[in-house]
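S.K.: Throw the hints in and build the complete structure from the sequences for me.
Residue numbers (my numbering), protein chains in the order written: chain A, 15 to 212; chain B, 86 to 312; chain C, 453 to 735.
Note that these hints are calculated values from the structure, not bench results. Model, not experiment: these values are computed from the prediction. Glycine included, each C-beta is placed from N, C-alpha and C at the ideal position. Hints are not guaranteed to be accurate.
To be verified - Which residues of chain C face chain A? A few of them, derived with a C-beta cut under 7 Å, are:
#1 Phe-472
#2 Tyr-492
#3 Lys-524
#4 Ile-590
#5 Pro-604
#6 Arg-607
#7 Val-668
#8 Lys-672
#9 Gln-708
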Amino acid sequence: MIGDFFIPHAAFSRVVQEIQQWGLIVVSFTYLLGVVNILQVHSAKVQRRSPEAPYSIVLVVSLLGMACLGIFHDHKSADSPFIWLYNTVYDPLSATMFALLAFFITSAAYRAFRARSTEAVLLLSAAILVMLGQVPVGAAIWGPDSFLGGFPGVKDWIMDVPNLAGKRAVLMGAALGAISTGLRIILGLERAHLGGGN
Amino acid sequence: MDVQVWISYALTLFILSFLYKDNPLYKLAEHLFVGISAGYYIALAYQETIRPNLWEAVVTDGHYWRIGAFLLSILMFTRYAPKVAWLSRWPLAFVVGMYAGINVIAFGSGDLIIQLQSTMLDFLHGGMGAISNLLLIVGLASSLLYFYFSREHTGALGVVSRIGVWFLMVSFGASFGYTVMSRISLAIGRTRDLMLHPLVTAALIVAVTVGLFVWSRRGGGADQEIT
Amino acid sequence: MPEKPSLLKRLEFIDRRWLFLALAGSIVLPLLFPIPLPLYVSPMVQDLYDAVEALPEGAIVLLSADYDPSGKPELEPFHVALTHHLFRKNLRVVIVSLWPAAPPLTEIVMDRVGVETTYGKVYGVDYVNLGFKEGRQIVMKSMGSSIRNTFPTDRQGTLVTDLPLMEEVDSYDDVAMLINISAGSPGVKEYVQVVQSRWAVPMVGACTAVSGPDYVPYYKAVPQQLLGLSAGMKGAAEYEKLVGRPGEAMSGMAAQSASHLLLIAFIVFGNVMLYLSRRKGGA
Numbered sequence: 015m016i017g018d019f020f021i022p023h024a025a026f027s028r029v030v031q032e033i034q035q036w037g038l039i040v041v042s043f044t045y046l047l048g049v050v051n052i053l054q055v056h057s058a059k060v061q062r063r064s065p066e067a068p069y070s071i072v073l074v075v076s077l078l079g080m081a082c083l084g085i086f087h088d089h090k091s092a093d094s095p096f097i098w099l100y101n102t103v104y105d106p107l108s109a110t111m112f113a114l115l116a117f118f119i120t121s122a123a124y125r126a127f128r129a130r131s132t133e134a135v136l137l138l139s140a141a142i143l144v145m146l147g148q149v150p151v152g153a154a155i156w157g158p159d160s161f162l163g164g165f166p167g168v169k170d171w172i173m174d175v176p177n178l179a180g181k182r183a184v185l186m187g188a189a190l191g192a193i194s195t196g197l198r199i200i201l202g203l204e205r206a207h208l209g210g211g212n
Numbered sequence: 086m087d088v089q090v091w092i093s094y095a096l097t098l099f100i101l102s103f104l105y106k107d108n109p110l111y112k113l114a115e116h117l118f119v120g121i122s123a124g125y126y127i128a129l130a131y132q133e134t135i136r137p138n139l140w141e142a143v144v145t146d147g148h149y150w151r152i153g154a155f156l157l158s159i160l161m162f163t164r165y166a167p168k169v170a171w172l173s174r175w176p177l178a179f180v181v182g183m184y185a186g187i188n189v190i191a192f193g194s195g196d197l198i199i200q201l202q203s204t205m206l207d208f209l210h211g212g213m214g215a216i217s218n219l220l221l222i223v224g225l226a227s228s229l230l231y232f233y234f235s236r237e238h239t240g241a242l243g244v245v246s247r248i249g250v251w252f253l254m255v256s257f258g259a260s261f262g263y264t265v266m267s268r269i270s271l272a273i274g275r276t277r278d279l280m281l282h283p284l285v286t287a288a289l290i291v292a293v294t295v296g297l298f299v300w301s302r303r304g305g306g307a308d309q310e311i312t
Numbered sequence: 453m454p455e456k457p458s459l460l461k462r463l464e465f466i467d468r469r470w471l472f473l474a475l476a477g478s479i480v481l482p483l484l485f486p487i488p489l490p491l492y493v494s495p496m497v498q499d500l501y502d503a504v505e506a507l508p509e510g511a512i513v514l515l516s517a518d519y520d521p522s523g524k525p526e527l528e529p530f531h532v533a534l535t536h537h538l539f540r541k542n543l544r545v546v547i548v549s550l551w552p553a554a555p556p557l558t559e560i561v562m563d564r565v566g567v568e569t570t571y572g573k574v575y576g577v578d579y580v581n582l583g584f585k586e587g588r589q590i591v592m593k594s595m596g597s598s599i600r601n602t603f604p605t606d607r608q609g610t611l612v613t614d615l616p617l618m619e620e621v622d623s624y625d626d627v628a629m630l631i632n633i634s635a636g637s638p639g640v641k642e643y644v645q646v647v648q649s650r651w652a653v654p655m656v657g658a659c660t661a662v663s664g665p666d667y668v669p670y671y672k673a674v675p676q677q678l679l680g681l682s683a684g685m686k687g688a689a690e691y692e693k694l695v696g697r698p699g700e701a702m703s704g705m706a707a708q709s710a711s712h713l714l715l716i717a718f719i720v721f722g723n724v725m726l727y728l729s730r731r732k733g734g735a
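M.R.: In structure tokens:
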């Protein structure tokens, strides 16, 4: 992958292309590995007759049913059972799972966000200014045509200057970390991903 | 009324019932979600990657060497046979190596160099813009120094890294503000969907509430602490 | 007999379910009784719109739709407005997905916009949907080598070699712009790192609000890695306004405003309580 960046030769590119195809295939099979793991865990629960066993049965049946419909039947037509289940079960469940977080963030705002230090004051002030600058009601209170561009103007400045400085520092730090980890893996110094570190 | 609406609304309310407390309806919906999504993912991985790029490539186009990719993938499952479990490291090493190779270049040219280059700003000319540029440079340099752990943060380094923390805090505050916005948008989306058929929603809210009430009276969830 | 706690104390330790109810109210009421509010378009979204607007008619755009139903309220309105914009400008579009849950969402958007019925576009000539491919950054890199090899068939199983549009497209060098709608990883960050930085393809992105601040460095880079960026439902609302197609994002802004005010009130109340208890403790 690194060589491909520096060697713009057709023959080398063809080899890299094929390696990439192999990559796509191997990564796809990791899904199967994940499913085997899930099935193992939940069939063990059913065998132990744990109190959670009925839920595990629901999980295993829905997993196998959905997979079979998608693999052996039609996985793309709007009127197929597979897409019907996607729209009726997967879509609302997935969307609602994450919508729940709005409620917990509200509870946290009420109980946990306390300005106990200078750092916390800065964090909360920036958060409140951004929250006001982001919504139309902020612009209605202190509009973009007023001094400093109102809440939207202040929000844009926070995003473009102090936020940019902080995010750029994190980005550069993470980049250094990722490059060194990548090189350690390639050079064989880092083997934790293979398990056991030996 | 469409059965699809009833089922999707009921499942939505089962998940939302977690806001009252953990309960069997939520658990049912949660397990169904994991099952359906895992089933969906594996079907898509087969239909849109494994089938065209492996099966049809070999059978239709005669790319026989791609059978090697299949054999390499199968080695992942040797982990279930202790004697040959070590073979499962090969496909893993192959994939991790690929990502490592891509990342070294991607983070180097995509993040590190260009971000550094983009901070070479003029802070002497341009009025307010120059002040913002200066603040940006000071903010980036001090935030980076905060991440320098090879020396104790005392003296001048302590002061500079403290300034760095302030910039980082403002950037975390901005992220927090945006996160709030994001989560609320999702709740708005779900609420709007539920409002498309208000009668179904109302009927199901009553049903779920009665269900939870009965379950609660029978001692369900008595061990959960609610604050 | 124990002393009855004060109203403020009781409010401080209120059952969190009342807070949940307050949030639900702040969302439901503005949706039922919408209040028109002015919508300010931020420079990032204006730049995104201008970049798409500047593309010549007939140019080919690669659209990577990488989100799932959990990101729908934030990204689908943008996806709809963008689709209107792209086809109104007679651009040709190649659609791919690196998220398995995205292809059905893309099909719903194409249907809602009426790509074939309203804009009279022809599949295979004006647009193609290549579907999902697993492999994240490997797919991005592989498309740089050959899009046709990476996606030998489209979502319907048709060979890409049978699609006239795909005769003109085989790598990033053949597209005028890369547009990424992403709810996380793989998404804007990975496309910038793996694709934009190497092939220098003009790129714009739409992301969830959570990722918005993280991608600002790419928009502010010199030269720009992202020509424009839309974050969350607010970004989508701005884009809807620019395209002249008010939709779900714009109509959600009143609820978004009310909820933000509620949360800010909660944070302020919590801190006033902290201040009062500290003063009491110190006295």
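S.K.: Hint by hint, say whether it matches the structure.
M.R.: Okay, the hints, checked on the actual structure:
no. : hint    : result
1   : Phe-472 : holds (5 Å)
2   : Tyr-492 : holds (5 Å)
3   : Lys-524 : holds (6 Å)
4   : Ile-590 : holds (4 Å)
5   : Pro-604 : violated (10 Å)
6   : Arg-607 : holds (6 Å)
7   : Val-668 : holds (5 Å)
8   : Lys-672 : holds (6 Å)
9   : Gln-708 : holds (5 Å)
In terms of the numbered hints stated before, the structure departs from hint 5 and from no other.
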